[in-house]
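Note that the protein sequences, when read in sequence, are chains A and B.
Here the first sequence stands for residues 1 to 486, where the numbers follow the working numbering.
Here the second sequence stands for residues 1 to 100, where the numbers follow the working numbering.
Calculated from the structure, these hints are not laboratory results.
Hints are supplied without guarantee of correctness; some may be wrong.
[To be verified] Think about it this way: if two alpha-carbon atoms lie no more than 20 Å apart in a straight line, the pair counts; the simulated EDC-like pairs of lysine to aspartate or glutamate are:
#	chain 1	residue 1	chain 2	residue 2
1	A	K61	B	D86
2	A	K430	A	E420
3	A	K61	A	D264
4	A	K138	B	D89
5	A	K96	B	E68
6	A	K138	A	D119
7	A	K143	B	D89
8	A	K147	B	D63
9	A	K332	A	E114
10	A	K61	B	D89
11	A	K453	A	D438
12	A	K87	A	E173
13	A	K147	B	E68
14	A	K236	A	D119
15	A	K473	A	E426
16	A	K87	A	D203
17	A	K96	B	D63
18	A	K138	B	D86
19	A	K349	A	D285
20	A	K96	A	D389
21	A	K61	B	E68
22	A	K138	A	E197
23	A	K453	A	E481
24	A	K236	A	E247
25	A	K147	B	D69
26	A	K385	A	E367
27	A	K332	A	E367
28	A	K143	B	D86
29	A	K223	A	E173
30	A	K138	A	E161
31	A	K236	A	E197
[To be verified] Derived DEER-like restraints, expressed as beta-carbon distance ranges:
#	chain 1	residue 1	chain 2	residue 2	range
32	B	V65	A	R300	18 to 26 Å
33	B	T37	A	G110	27 to 35 Å
34	A	S121	B	D61	45 to 53 Å
35	A	P284	B	A84	24 to 32 Å
36	B	A78	A	A322	53 to 61 Å
37	A	T292	B	L18	41 to 49 Å
38	A	G416	B	D89	56 to 64 Å
39	B	D34	A	Q293	44 to 52 Å
40	A	Q293	B	D61	40 to 48 Å
Where a beta carbon is used, it is the ideal one built from N, C-alpha and C, also for glycine.
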Amino acid sequence: MPAKNVNSSLWEPVIGLEVHVQLNTNSKIFSSAPVTVSVEPNRAANAVDLALPGTLPVLNKKVVEKAILFGMATAGRIASRCRFDRKNYFYPDLPKGYQITQLTEPIIEGGTLEVRVDDGSIRQVELVRAHLEEDAGKSIHGKYAGKTGIDLNRAGTPLLEVVTAPQLNTPDEASACFRTLHRLVTWLDICDGNLNEGSMRCDANISVRRHGETQLGERTEIKNLNSFRFVERALKHEIDRQISILETGGEIVRETRLYDVERDETRSMRGKELAHDYRYFPDPDLLPVAITQEMIRAARSAMPELPEARCSRYIDELGLPAETAHRLTQEKAFSDYFESAFAIAGNAKLTANWVLGNVAATLNRNEISIENLQLSGPQLGEIVKNIVDGIVSDASAKQVFEHVLATKSNVADAIGQQRESLMSDERDLKALVQRVLDGNPIQVEEYRKGKKKILGYLVGQVMSAAKGKIDPKKVNQALTEILASD
Amino acid sequence: MERDQLLNEEILVRLCQLSNLRLLESEQGELLHDLQTIKRFVDNIHGVDTREVEPLSHPLDMDQVLREDSTVDEIDRATYQELARDIGDGYYLVPRVIEP
Numbered sequence: 001m002p003a004k005n006v007n008s009s010l011w012e013p014v015i016g017l018e019v020h021v022q023l024n025t026n027s028k029i030f031s032s033a034p035v036t037v038s039v040e041p042n043r044a045a046n047a048v049d050l051a052l053p054g055t056l057p058v059l060n061k062k063v064v065e066k067a068i069l070f071g072m073a074t075a076g077r078i079a080s081r082c083r084f085d086r087k088n089y090f091y092p093d094l095p096k097g098y099q100i101t102q103l104t105e106p107i108i109e110g111g112t113l114e115v116r117v118d119d120g121s122i123r124q125v126e127l128v129r130a131h132l133e134e135d136a137g138k139s140i141h142g143k144y145a146g147k148t149g150i151d152l153n154r155a156g157t158p159l160l161e162v163v164t165a166p167q168l169n170t171p172d173e174a175s176a177c178f179r180t181l182h183r184l185v186t187w188l189d190i191c192d193g194n195l196n197e198g199s200m201r202c203d204a205n206i207s208v209r210r211h212g213e214t215q216l217g218e219r220t221e222i223k224n225l226n227s228f229r230f231v232e233r234a235l236k237h238e239i240d241r242q243i244s245i246l247e248t249g250g251e252i253v254r255e256t257r258l259y260d261v262e263r264d265e266t267r268s269m270r271g272k273e274l275a276h277d278y279r280y281f282p283d284p285d286l287l288p289v290a291i292t293q294e295m296i297r298a299a300r301s302a303m304p305e306l307p308e309a310r311c312s313r314y315i316d317e318l319g320l321p322a323e324t325a326h327r328l329t330q331e332k333a334f335s336d337y338f339e340s341a342f343a344i345a346g347n348a349k350l351t352a353n354w355v356l357g358n359v360a361a362t363l364n365r366n367e368i369s370i371e372n373l374q375l376s377g378p379q380l381g382e383i384v385k386n387i388v389d390g391i392v393s394d395a396s397a398k399q400v401f402e403h404v405l406a407t408k409s410n411v412a413d414a415i416g417q418q419r420e421s422l423m424s425d426e427r428d429l430k431a432l433v434q435r436v437l438d439g440n441p442i443q444v445e446e447y448r449k450g451k452k453k454i455l456g457y458l459v460g461q462v463m464s465a466a467k468g469k470i471d472p473k474k475v476n477q478a479l480t481e482i483l484a485s486d
Numbered sequence: 001m002e003r004d005q006l007l008n009e010e011i012l013v014r015l016c017q018l019s020n021l022r023l024l025e026s027e028q029g030e031l032l033h034d035l036q037t038i039k040r041f042v043d044n045i046h047g048v049d050t051r052e053v054e055p056l057s058h059p060l061d062m063d064q065v066l067r068e069d070s071t072v073d074e075i076d077r078a079t080y081q082e083l084a085r086d087i088g089d090g091y092y093l094v095p096r097v098i099e100p
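Isolated chain B (complex conformation):
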C-alpha cells in the first residue's frame, strides 16, 4: 500500500483473503477502523526523515550465544502430531499444494 492511501473495505476484503481469515460482516466496521488507525500511525513513522540514521537491526548491544553441536532431544513425534489437524504415515497432511 502506498503512503497516505486510504484503507477501504475493498482492501480489507483482499487482506482477509490473503491472510486466510473469514471475517463476519458485523466485524468489518470495527476492524476497518482499527486498521485505519494503525495505518495512520505507520504513515506517521514513514514521515520521519531517517536518511542520516544508521539502520538498527537489534536494540540489544549483545552477540548471539552459540550452541554446541549435540543432539539432545528425544523426538516425540506422537505428541507433536497430536497438534496436527491431519496426519498420515507420519506425514503432516495439508490441503494439496502445487509446486511453488
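This is chain A alone, in the form it adopts within the complex:
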C-alpha cells in the first residue's frame, strides 16, 4: 500500500511520544497485591484489583517517590498537590469500569529530555507531562470457545505515562528519544526497563506537513510499540503512507493504528472520531495527594549522578574520548563497574579499554548482565593496576582475567600463579635447550667457529623436541644466550 516513490524531502514529519513506564515497586499502585509477571493467572490480583464492592484504593508511597525522582531528573515542575481522576470505559480487563489516572492535575508538568541523536548532536526534547495511572488486566482471546479469559494480575500495576511535545522530526530521533527515556528510568531505578515484558510501551503520534508550513497536519497514533527498532520501523512506514496519501490528493484520517511486525506495516485499529467519551471526573475514593518538602528533600538526596552529567565528567575530568564516555554511560550498573575499577586502577583510559573490550565481550559471549559477572569492578581495577605498574603484560593480564573468571580466585593469587608459571616455563625452556645442545656437540662447535647459520638447525631441533608448543622467538633468544655464555 505505501507508495514506493514518495518524495519525502518535501515533507516534514512531526512526532510526539507517549511512553508508559511501569514503575518497579513490590506492590501495586492502589493495592497490596504483588507486582509480578511470573505467576499463574489471577494469583496476583486481590479484592481491590478485582474491584469487589466495598474495597477502596490506597496509594502506594513508593509510586509517588519514583514519580518525583523522574520529575526532578528531567527538571519538570513537581506539583505540590496532585489529584486522581476516573477515566470511564467498559471492558472486562478493567473490572471497575474505569481506570484511575490523572487528567487535570498530574504529578509532573514540563521538563526536558536531552536526546543524543545518531550524528552525535544533542536535542532538547520538551516533556509535556508525566502522570500516574494504573494498568489494566490482560484478555486472552481465542483460547475458550465463545469466551474471553481475563487475567487481572497486571491490573493495578503502577504506570508513569510520560508525554513528549510533538518536537521529534525523524524516526531516528523518536527512537533515540525512547532509548534515552529507557536509559533514564533504568538509571533512576524506577523501572526495570524490560521491553520484552512490556515494562515500557510507546505510543507515537505522527503527522506530516510541507516544509515551511507552521500548522500541524492531521495525525494518527500508533499504539504499543515495545522496542526501539519497532518505533523506528513503524514510523518510517507511517510517514511514507501519510505522504503518499497527501501527494495523491487524499486526506489523513485521525485514527489509531497498530504496527504489524510481521508485515512491516501499520493498519487501522479504530477511528478516533468515534472515540469514547471517557467522562473523566475526580475520583472520590482518593483524596488529593500532597507532595511535602520532606518528600522532595528525600528524592534530592536519593538522586544519583545522571548519565549526561557523568558522561561530561568522563570527558572533562578523566580525559576520555566522547564516544568512549558515551558508551560507558549507557547503563548505570555498567558505568558503576567502570567507576569502581577506575578507583583502584587509577588509569581511566586503560580501565575504559578493558571495560569496553574484555569485559563487554565476556558479557556478550555469555549473554549475562554486568551484575552477574564473576569478576567485580575492584578486581578488574586490581588487574589493570598491575599492568599500569608494569607487573604483568597486557597479554598476561588477559590470562589472569580469564583465570579469575573461570575459577573465581582472587586477583593477587592469579597474578602470583601466572608469574610463577612464566618463570617455570623459562626454566623448562633453558633445560630443554641445554639438552639439545648436549646432543649436538658438532653443530655447537661449528656455530662457535662462526657458522651462525647453524642456529636455524638448532632452533628446529628444540622446536621438534618441544613438539612445536613453544614460541620460536623465545627459543632463538634462549639458544643465543646459552651459546654466548658457555
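Chain A is already provided as a structure; the job is to place chain B on it using the hints.
Coordinates of chain B only, in the frame set by chain A:
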C-alpha cells in the same frame, strides 16, 4: 441528553440496552416517572450559574494517606473465583469480546 429534553420511553429503552438491564413492561412506567423526576432535579442544578465558582473535587479538606510499598495479602484465588460466574484454568471467563 440535552438540558430540558424530555425523557421518553424510547430513551428509556436505549438506556436499558446500554446498561445491560432487562426491564419488564410493567416496570417501565414507574421507572420512567422516577427518571423524569431525577432529570428535572439535574436540570435544576444545571441552571445554577457556577462560572465564578472554583471547582471542588473533594468536600473534605484533607490529603491522601499513603501506604508503604509492602505486599501483605495472601491471595486466595479460590475464594475470589467462587464469586465468578465462569472460570477456566484460573482465568475469569466472560462472553467473548473483540479488541476495543
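Structure-based check of all given hints:
no., hint, verdict
1, K61/A <-> D86/B, "violated, 35 Å"
2, K430/A <-> E420/A, "holds, 15 Å"
3, K61/A <-> D264/A, "violated, 41 Å"
4, K138/A <-> D89/B, "holds, 14 Å"
5, K96/A <-> E68/B, "violated, 23 Å"
6, K138/A <-> D119/A, "violated, 40 Å"
7, K143/A <-> D89/B, "holds, 11 Å"
8, K147/A <-> D63/B, "violated, 42 Å"
9, K332/A <-> E114/A, "holds, 17 Å"
10, K61/A <-> D89/B, "violated, 34 Å"
11, K453/A <-> D438/A, "holds, 18 Å"
12, K87/A <-> E173/A, "violated, 31 Å"
13, K147/A <-> E68/B, "violated, 38 Å"
14, K236/A <-> D119/A, "holds, 18 Å"
15, K473/A <-> E426/A, "holds, 13 Å"
16, K87/A <-> D203/A, "holds, 18 Å"
17, K96/A <-> D63/B, "violated, 23 Å"
18, K138/A <-> D86/B, "holds, 17 Å"
19, K349/A <-> D285/A, "violated, 57 Å"
20, K96/A <-> D389/A, "violated, 67 Å"
21, K61/A <-> E68/B, "holds, 6 Å"
22, K138/A <-> E197/A, "holds, 13 Å"
23, K453/A <-> E481/A, "holds, 16 Å"
24, K236/A <-> E247/A, "holds, 17 Å"
25, K147/A <-> D69/B, "violated, 35 Å"
26, K385/A <-> E367/A, "violated, 27 Å"
27, K332/A <-> E367/A, "holds, 18 Å"
28, K143/A <-> D86/B, "holds, 14 Å"
29, K223/A <-> E173/A, "holds, 18 Å"
30, K138/A <-> E161/A, "holds, 19 Å"
31, K236/A <-> E197/A, "violated, 24 Å"
32, V65/B <-> R300/A: 18 to 26 Å, "holds, 23 Å"
33, T37/B <-> G110/A: 27 to 35 Å, "violated, 47 Å"
34, S121/A <-> D61/B: 45 to 53 Å, "holds, 50 Å"
35, P284/A <-> A84/B: 24 to 32 Å, "holds, 27 Å"
36, A78/B <-> A322/A: 53 to 61 Å, "holds, 59 Å"
37, T292/A <-> L18/B: 41 to 49 Å, "holds, 43 Å"
38, G416/A <-> D89/B: 56 to 64 Å, "holds, 59 Å"
39, D34/B <-> Q293/A: 44 to 52 Å, "holds, 51 Å"
40, Q293/A <-> D61/B: 40 to 48 Å, "violated, 20 Å"
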